[in-house]
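Q: In case you want the letters, here they are:
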Amino acid sequence: DGGITQSPKYLFRKEGQNVTLSCEQNLNHDAMYWYRQDPGQGLRLIYYSQIVNDFQKGDIAEGYSVSREKKESFPLTVTSAQKNPTAFYLCASSGQGAYNEQFFGPGTRLTVL
Amino acid sequence: QKEVEQNSGPLSVPEGAIASLNCTYSDRVSQSFFWYRQYSGKSPELIMSIYSNGDKEDGRFTAQLNKASQYVSLLIRDSQPSDSATYLCAVRRAYGGATNKLIFGTGTLLAVQP
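Protein chains in written order, with this note's numbering: chain A, 1 to 113; chain B, 1001 to 1114.
Pulled out of the complex, with its shape left as it was, chain A reads as follows (with noise of 0.2 Å):
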């Protein structure tokens, strides 16, 4: 069954802790991406790989720091640094190209206490 997964769906933090996102993709997609999204608004992209071994930072990557090893994997590693950490956050796939299509998984809410 093809898809993205994403765990845990919900992670409690507390502050000034170091947490990490999975994402994990069978799309056999080259290109990776993180998102976030607060309540209300739109989505804002953290982080996005083209192909393994290689990532760029998107809009607000401050405090967050990613790796991609495997084509499969993109973590996000969500850092004490990140000021207000507390979002949903979503991991999207994609072929590469300007018509591919992009699908996102479940998702995960953070939550820091």
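Heads up, some of the hints might be wrong.
[To be verified] Think about it this way: if two alpha-carbon atoms lie no more than 16 Å apart in a straight line, the pair counts; the simulated EDC-like pairs of lysine to aspartate or glutamate are:
1) B:1067 / B:1003
2) A:70 / A:54
3) B:1067 / B:1015
4) B:1002 / B:1027
5) B:1042 / A:38
6) B:1002 / A:54
Hints in this document: simulated from the structure, not taken from any laboratory.
Please arrange chain B on chain A, whose structure you already have, making use of the hints.
A: The following block gives chain B in isolation, referenced to the frame of chain A:
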């Protein structure tokens, strides 16, 4: 000016009516256009993609693209209460090293009244 603009709504339509959702974009080199549906608390789901001027139909959904006017719309025929959701418009440029990046609008909330 935002790169992708949508009316935030809510757009309220009666059940069985046609819902018309609109989106404008600022970058003329944009090449591909997408509509996503997002239910409250869920992730966005792709419902339509369109690349050429004109209409593209899929079931009750029709996407319309006018590149000269930099305008893309989504029509939902025979609207059902289950169509009540936020609809996100997304646009992809096709230049430079970021050919895969989508630019999203903030979405239009659609409410279909039974």
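Q: A separate judgement is required for each hint: does it hold in the structure or not?
A: Here's how the hints hold up against the structure:
| no. | hint | result |
| --- | --- | --- |
| 1 | B:1067 / B:1003 | holds, 14 Å |
| 2 | A:70 / A:54 | holds, 11 Å |
| 3 | B:1067 / B:1015 | violated, 31 Å |
| 4 | B:1002 / B:1027 | holds, 10 Å |
| 5 | B:1042 / A:38 | holds, 13 Å |
| 6 | B:1002 / A:54 | violated, 29 Å |
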